[in-house]
Structure formats: structure tokens, C-alpha cells
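J.: Quick mapping for you: the protein sequence lines, in order, are chains Z and A. Its first residue numbered 1, the first sequence is counted upward by one per residue in our numbering. Its first residue numbered 532, the second sequence is counted upward by one per residue in our numbering.
What the hints contain is simulated information worked out from the structure, not anything from laboratory work. One or more hints might be untrue.
Unchecked claim - Quick list of in silico lysine to aspartate or glutamate cross-link-like pairs, DMTMM-like style, CA-CA up to 20 Å:
{"hint": "1", "chain 1": "Z", "residue 1": "K372", "chain 2": "A", "residue 2": "D664"}
{"hint": "2", "chain 1": "A", "residue 1": "K677", "chain 2": "Z", "residue 2": "E137"}
{"hint": "3", "chain 1": "Z", "residue 1": "K372", "chain 2": "Z", "residue 2": "D398"}
{"hint": "4", "chain 1": "Z", "residue 1": "K185", "chain 2": "A", "residue 2": "E736"}
{"hint": "5", "chain 1": "Z", "residue 1": "K463", "chain 2": "A", "residue 2": "D812"}
{"hint": "6", "chain 1": "Z", "residue 1": "K497", "chain 2": "A", "residue 2": "E736"}
{"hint": "7", "chain 1": "Z", "residue 1": "K530", "chain 2": "A", "residue 2": "D745"}
{"hint": "8", "chain 1": "Z", "residue 1": "K530", "chain 2": "A", "residue 2": "D751"}
{"hint": "9", "chain 1": "Z", "residue 1": "K497", "chain 2": "A", "residue 2": "D726"}
{"hint": "10", "chain 1": "Z", "residue 1": "K47", "chain 2": "A", "residue 2": "D751"}
{"hint": "11", "chain 1": "Z", "residue 1": "K185", "chain 2": "Z", "residue 2": "D210"}
{"hint": "12", "chain 1": "A", "residue 1": "K677", "chain 2": "Z", "residue 2": "E475"}
{"hint": "13", "chain 1": "A", "residue 1": "K677", "chain 2": "Z", "residue 2": "D264"}
{"hint": "14", "chain 1": "A", "residue 1": "K677", "chain 2": "Z", "residue 2": "D381"}
{"hint": "15", "chain 1": "A", "residue 1": "K677", "chain 2": "Z", "residue 2": "D380"}
Claimed, not checked - A short list of chain Z residues far from chain A (calculated; beta carbon distances all over 12 Å):
{"hint": "16", "residue": "V33"}
{"hint": "17", "residue": "N122"}
{"hint": "18", "residue": "G142"}
{"hint": "19", "residue": "F326"}
{"hint": "20", "residue": "P363"}
{"hint": "21", "residue": "D443"}
{"hint": "22", "residue": "L483"}
What the hints assert, rightly or not - DEER-style ranges, computed between Cβ atoms:
{"hint": "23", "chain 1": "A", "residue 1": "L932", "chain 2": "Z", "residue 2": "A448", "range": "45 to 53 Å"}
{"hint": "24", "chain 1": "A", "residue 1": "D726", "chain 2": "Z", "residue 2": "A445", "range": "26 to 34 Å"}
{"hint": "25", "chain 1": "A", "residue 1": "N643", "chain 2": "Z", "residue 2": "E353", "range": "51 to 59 Å"}
{"hint": "26", "chain 1": "Z", "residue 1": "H421", "chain 2": "A", "residue 2": "A904", "range": "56 to 64 Å"}
For every residue, glycine included, the Cβ atom is placed at its ideal position computed from N, Cα and C.
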Amino acid sequence: MGTPLASRVFVSAAFLALAGCSGSKPAGTASAVPAIALPANGWSEEKQARHALDRLGYGPRPGESSDVARLGVGAWIRRQMDPLRVEDTAAEARLRSLPTLGMSVPELLRAFPRPQDVAKANGIEKDGPDAREKLKELIPAGRRPAVIEQELAAAKLVRAVESRRQLQEVLVDFWFNHFNVAADKGEDRWMVGAYERDAIRPFVFGRFHDLLRATASHPAMLFYLDNWTSSWEGPGGAAGKRRRAGINENYARELLELHTLGVDGGYTQADVREVARCFTGWSIVPPRAARAAEKGAGAMASGGGMGLGAKKAGTPPASEPGTFVFRPRAHDPGEKTVLGVVIPAGGGRRDAELVLDLLARHPSTARFVAAKLCRRFVADDPPPALVSRVAEVFTHTDGDLRAVYAAIFSAGEFWSDAAFHVKTKTPLELAASSIRALGGRVDAAAAAPLVRQIALMGQPLYKCQPPTGWGDTAESWVGAGTLMNRLTFGAALAGGKIPGVAADPSRMAKDASDPVRVATLLLGGPDFQKK
Amino acid sequence: MTAETLMNAQHDRRFFLKSSGLALAGFGFAPGFLRRALADTASGRRKILVTIFQRGAVDGLAMVSPVAEAAYSAARPSIAIPPPGSGKGAAFDLDGHFALHPALVALRPLWNEGSLAIVHAVGSPDPTRSHFDAQDSLDAGTPGVKSTPDGWQNRLLQARPEPAASAFRAVALQPNLPRSLAGRAAALSMGAVSDFGVRAGRSGEALAACFSRDYAAAADGGLRTTGREAFDALRVLQEANPGRFTEEHGAAYPSAPIGQRLKQIAQLIKADIGLEIAATDCTGWDTHAGQGSSTGPLAARLGELGDALGAFAGDLCERMADVCVVTMTEFGRTVKENGTRGTDHGHGSVMLVLGGGVRGRRVVTRWKGLREADLFEGRDLAVTTDHREVLGEVLTSHLGLKDLKAVFPGFASSGSQAVKLF
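All chains, please: the whole structure from these sequences, using the hints.
T.: See the structure below:
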């Protein structure tokens, strides 16, 4: 198996070098970009390139394996870890046709009003067929909230298929899934895009700690796991004023179980309770449109451009709907003890920040995150020795994710026959890699049919309801029904029958008399389901 | 022989036995004799188990409320279900102590006729309040042992090997196989029976034949097995066409996923293609905030489930003597409502057992009550009956399983008459 010794020497050298330059740098640029040393394993350059493109990206486009092999696989990986230096203007240009991607949550709430807010502002009181008809007239199709999730899913597919920053897109998908929120939980529809853009994307090459902090304070997470309404139970707190106020444990538990320590990471029910107490008061301004913006949504749409109209003058940003707010009166002021560490009374907002510090640096977190990354990049059941080494790098670099990735991509285990082509593609990965293999493109403005196909294969994008996120092993993805839907997808793609997707079957079936049939059999075949 | 090669050898043997008959059939024209043969060995009034997993942890105290206890309404100032006789939205009295959620109105006739039993304060001996862990534990059927490779429903199939079993012996009506059905015995999963197949117009059948060969030769063992099971199933479906069975006796399934899934399970049962175990998930129970009382989000989910069960029992009518439906959930929820008019993760909850000759019209429970001293860790309904006790009863009494230890290793039934269901 590979040459683990060589990579271990490299890794320790890497984090010694990194240790000096951490700390003061802004999030997202935590460290220099480490070099990647590929162990000699007897693979051809082309095979190494294929492996890298399959695991660090969404599979090769025609001819791409040879291109990467020519550049040098180690150099390509290093470049992928420094995405700002990868020219990506074509994908960026295509994303410009999706205006919601750049809008803030308050802007989205104004541009795509909640139907119930429009109803209220226009005196529609009862729900029913008549009311819905009236609302349809008041809110034209282009201003319905469904537009937001359509554009979000379209952007994901355009990026997966066309971005040259492939590793960045894979990591955004990975970390979003790690800190999962679901667009179909109530008002999260207005917040999930901003969450990915502001709390996940900027930090995937930064520090775990920054990712954790960004997700913990983001309105999408506070809403999804109910922390925004969790408040102090004691006398004099919010409970004194508002009947029924009190603690909600949902976020606290998932923070420990799914985001940091892992279920066997050594916490108790008492810890869950104490963490929840620390997070009381971490809240959001309720995500509903400001009164002035609701009336005559239709008129607004035909008048001004999308989104930025009717901003309430003089409203401080902190009180805009759908933004973070710390509510001191809802916060439990007492002393707490989390994982044996006493958090003194009177800490206010800082209590939860201390909890996040504690969790980000906890050895269980290092192990849990290392195992999850190794499962994503190496094998469903990753070698324990590799997980331990990666966890060590996590700990020694204080959660510098670039150093952690480098440790995995330099590992003998990653470049071993036991890891080659053994992972099963998720439906998203199958769709993106199929379109890439056919040299194809996704029309950003018409991606809905492709989104539906991916949902039929078992993965409705941005709509994984449980906080666990999607599974990352073969058995999470291939049942008899979803297998048939994979075959159906391949046939539709090769046959040019998915509106909004352009793909050329002859790219996969050179000189074949029936390229559609050949490409269909290749895309649906067992080999192409693996990466 | 490693575990993996052993598994492959077993798969291969199964495939050989099945393909010896099916190879003749090809696609689209499985001969009638084959179907009759399958029906004879595999059906003939075979007993059927349908399991519904309420993933997300349903609030058992809202589903079936101990309305007679003062502690119940005291713990839940805004979400308690109003007691029977209190007017609109009141619960339906079951036995003076417990009452059924008003949204489960479709279950009342089943209760009254004695074909529905309710088990309360049921759950796992594992105290975890993690959804994932608790679901995994219940699916594996070995609480406390995380390394169990297969699920309890798969071990049930293994415990009663059927070399010539129908491809439809075990089916999950959902996109992917639940952990409970995972293992070396064959099991199918499909989101929608009517869409099952390679949908590519006129070339669909020819493509399916090619893919069938490709997957039989797949290097990946998991894909090889799934492919084989999928294409076997396709042959059976093309012959049996279960979609032709429409609802009977005025049954009306709700449009919610659980309604459509139970409707398809009923079609598979009527098609007589050897179904023995059907499993499906039912989600939306993680009610941390604003769960409501007689109405509200939880009531809406319960209404869908109740209506679906009512339609299923009505549709199958006298066949329900052969069909037992069991609901389960990973844990219950806190006795007290939380700060956001919802409930957090708790411990004991409720299971429903419907049809299959169950001695119904009873709330079967070893009830401790809701006083704080009687609660698990001072906050949750204590578990007094193990999930496996209920499932074990169903397996032995309804399905006639001889050796429960093969399905639930390390579990010994309490043998208590207090929880006898049949």
C-alpha cells in the first residue's frame, strides 16, 4: 500500500511550516497552499489524473484527464486548492443570469414576498381557491419564492458542470451537507442561498472554526434548528414577559452530534442542555417582509427592477427581517458547565462563542471531521490509520482545512488500488459527471428539468430534511428504483431529451453508428456509477 | 472464505435458482406458468407484514394522550390535546385513560371493530436521543451494538430462506432501501411502482435487456446485486402489472406520500406476486417548534397517516386478516412542551398494530405515569416495553417465525402477558 512514510514526513513538514503563519490572516486564507507529493504507486499519470478529477471534481470533461496529466497531477491539485488563481470567467458569466444569487435575505424577502404577507397586506383573510387565485394575480410568476430555489439549484449545477474550480465546488457541497439546512423548512427558502454564499463558500479553504462560527450565527441555521426562538426559562428573562418562552434543544444537540464531536464524541444530555442555555438569545429578526414592502407586489415588479425596491428608510441593517440578532433579555445569564468547562455567569453572547471555541478544538471534533472527509475522498470505510493521521493534522494546524485536505491528497491510502474507483456517485455527481463527459452545458435559466431528474434519482437538491445531510456511502444511494432512474436519466441525457441541457453523445461514442445508444449504455452502465 | 465472498456466493446461488426459471422469460412476455408457479410457492394466502417507520420521533403523547392524568395537561399548557367530550377538537376516548388524537379519526372504526391495538410507552433500551443513532439501532434491531451489519427485516428473510423467492418478497416503497432491510437477502426499493423501469420510449425494453447483462457482469458487488434484483423485479412487474388494481370498497388514499405508498403496497398485495414484507418511511415528526394541538402541523401529519391507514384497511378489507401493519418511531418526545410550543427529543412513544388477527381495541402498556418521579431522567416518558417485544410478537404470532433469536439476537422476550398482542 503506497508509501505512507513519505507522505507522513511531508505532512509533518507542511504543518510545521504552517504553524508560524496562522492566526492573524483573514478567514478563507488561513495558510499558504501546500505542495502535493504523490506517492509512487505504479499508476500512469493518466490514471492519477482520472482519479483526481473523479474525487476532487465532478469527473473529467473530454480530454481533461490528458490535460491534467500533462500539467502534472500534483500541480493541478495544488492549483485547485487555490481557487482564486484558477481563471473561471465562463462559469461566472453564466451565473450572472441568476440575480438572486447576489441578494441579501432582506432583499429576497422584499423581491419575493411571502404569499401570506401579500395576502394580509391586501386584505385577503381566508385561505381557499379564491384567495389563491387572487394571490396569483397579485404575485406574478417571476416574483414567486420558488424562483429563489430554482436559481439556487441551477447555480449549483452550472458550477458543478462548468466551473474550473472543481475542488471548491465539491467542498462547498461537502460542507453544506455537513452543516445541512433544508430549503423546504418554512422561511429557510429565503435564507439557504445566502447561507451557502456567506457561511459556507468563503470558508471551505479556511479554518474549521470559522466555518463553525459562520454557520452557528447564520439565520438559515438558527431558523432550521429552531434556536432563534429558544430563550431563558428563568424568572425575569423573556419567560417572565412572554408565556411559554423557554429552551429549545434542537440546535445544541445537532451541533454536538453532527457538526463537531460526533455521536460518540463524549457528551451527555446535560451537556446538550447546557449548550442550549449558552445559545439562548442567538436569534433572528423574524423573516417576514416589512409592512411597507408588501402592498401591490405586482406593481412593484412591473415598475422597478428586481429586488431592491422599497427599502425602509432609516432601518438599521441589524433589524432587517431575516438577519441575526442577539437578544440579551432572552439569554440565560447564569453559569454553565459544558464538557466539564465552567462558563462564568454574565457572559452574554460570548457564552456560545466560548462553546464554539471549545468544540472546534476538541479532539473528538478532529476525529469526526477527519473521518467524514476521508469517507468523502477515499473510501466508504476509510483506513483508520489514515483517519488518525488526518485528525492529527487537524489538531496541530488548529483546524486549517487546506492542510487537512493536503494530508488526504498526499496519502498513500488515497492513491491506492483499494481506493480507486470504489466510491458510488451521488445523483448530483452522476448527473454532473455525465454532462461533463458529453462535453455538455446547463442552461442556467432552464435547469428545472435536470433538477427534477436528480430528485428522481433520490437527491432533491437543497431539500435534505434531516440535519444529518445526505449519506456518503454506496448504500445511501443505489436501490432498485433509483438504479432504474439512473438508467432512465442516462438515456434521456444522451438522447437530448432533458430540456435546458446541451450534451453531445458522440463525445463518448466516437465513430459509433448509434452514438445515442452507446452513450446511454455507457452512462447507465455499472462502471460509470462509480468514481 | 471472507465475509464478502461468502455473501457473493450466496447471491450467486440465489441468482442461479431464480434465473433457471426466469432466463426463459426474457422481457415483456414472462409466461403465465411462471407467474402461477411464483404465486403458488410464494403466495397462497401468505402472511404479510407492513412496517411504517415514523422517522423524526413522533410525539406519542399527542398521538395517544393520557388525558385522564392531570400531569398531562399541566406539562403542556398550549399543546395538550383536549380531553374527550370537551367539544370541537377533543380527543377520542379509548379506554377512559387514553384518548386518540382527533386527526386520527380514520382509525376509530378500526379501533371499534377490534382490529387495532396500541402499544404505549414503547421504545428502545438504548437511551440515545440522537435521531440517527436511535433509528439505526431500531433498524438494526440490536440496541447497543452498532456493528451489526444487517437489518432486522433482512434477518427475518434470512431466517426463512426461500430459494425461489419472488423478487417482490421484500419491498421498500421509497427511493432507497432502509437499514432494516439491508443485508444479504434480496430486497427491493422503489419510489413508485408505476415508474419502475428504463423509461426511454420504444427503446426502453431493449436497453433494459442490455443493462441487465451489463449489471450481471458488474465489477462492483453491490451494483451487481442491486442490478440483478432490479431486473428480476422488472420482469415480474411486466407480467403482473399491479397498477391495474384500483382501490376497492370506496377507499380513498390521501395524496400525501404515505397515502400513495400504502396504495401501491395494496396493489402489490392484490397482484399476488409473493410480497411478504413491505416497508416504508413516513416523515415530518420532529416537532421542536409550534407543533399545534388538535390542529396544526403535527395534526396534519397524523391526519395523513390515519387516513392512509384507514384507506389501506378498507381497500384490502377481508385480506387484512393476512396483513399486519405495524408503526414504529425512534423515540418519543419530552413530556413538557418546550419554550417554542414544541417538544424536544424524549424516550418512550407509541406503536400501532393493525390487522393480521391482532386482539385489538386495547391500549397495551405497562404504564408508569407522568409524575416527575416516574419519568426517564426526570423528563421523558419511561420505556416499559421494548420495540422488539412488539415486533417479536408480530413475527412469531402473525408470520409464524420459529426462532426469534435469529432476528433479534441477544433479546429475550419478557413473556409478560401484559403485552400479549395476539
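J.: Compare the structure with each hint and give your call.
T.: Verification of the supplied hints:
no.: 1; hint: Z/K372 x A/D664; result: 16 Å, holds
no.: 2; hint: A/K677 x Z/E137; result: 55 Å, violated
no.: 3; hint: Z/K372 x Z/D398; result: 17 Å, holds
no.: 4; hint: Z/K185 x A/E736; result: 40 Å, violated
no.: 5; hint: Z/K463 x A/D812; result: 17 Å, holds
no.: 6; hint: Z/K497 x A/E736; result: 18 Å, holds
no.: 7; hint: Z/K530 x A/D745; result: 14 Å, holds
no.: 8; hint: Z/K530 x A/D751; result: 9 Å, holds
no.: 9; hint: Z/K497 x A/D726; result: 17 Å, holds
no.: 10; hint: Z/K47 x A/D751; result: 19 Å, holds
no.: 11; hint: Z/K185 x Z/D210; result: 25 Å, violated
no.: 12; hint: A/K677 x Z/E475; result: 16 Å, holds
no.: 13; hint: A/K677 x Z/D264; result: 11 Å, holds
no.: 14; hint: A/K677 x Z/D381; result: 15 Å, holds
no.: 15; hint: A/K677 x Z/D380; result: 16 Å, holds
no.: 16; hint: V33; result: 35 Å, holds
no.: 17; hint: N122; result: 25 Å, holds
no.: 18; hint: G142; result: 28 Å, holds
no.: 19; hint: F326; result: 17 Å, holds
no.: 20; hint: P363; result: 20 Å, holds
no.: 21; hint: D443; result: 22 Å, holds
no.: 22; hint: L483; result: 5 Å, violated
no.: 23; hint: A/L932 x Z/A448: 45 to 53 Å; result: 48 Å, holds
no.: 24; hint: A/D726 x Z/A445: 26 to 34 Å; result: 28 Å, holds
no.: 25; hint: A/N643 x Z/E353: 51 to 59 Å; result: 57 Å, holds
no.: 26; hint: Z/H421 x A/A904: 56 to 64 Å; result: 59 Å, holds
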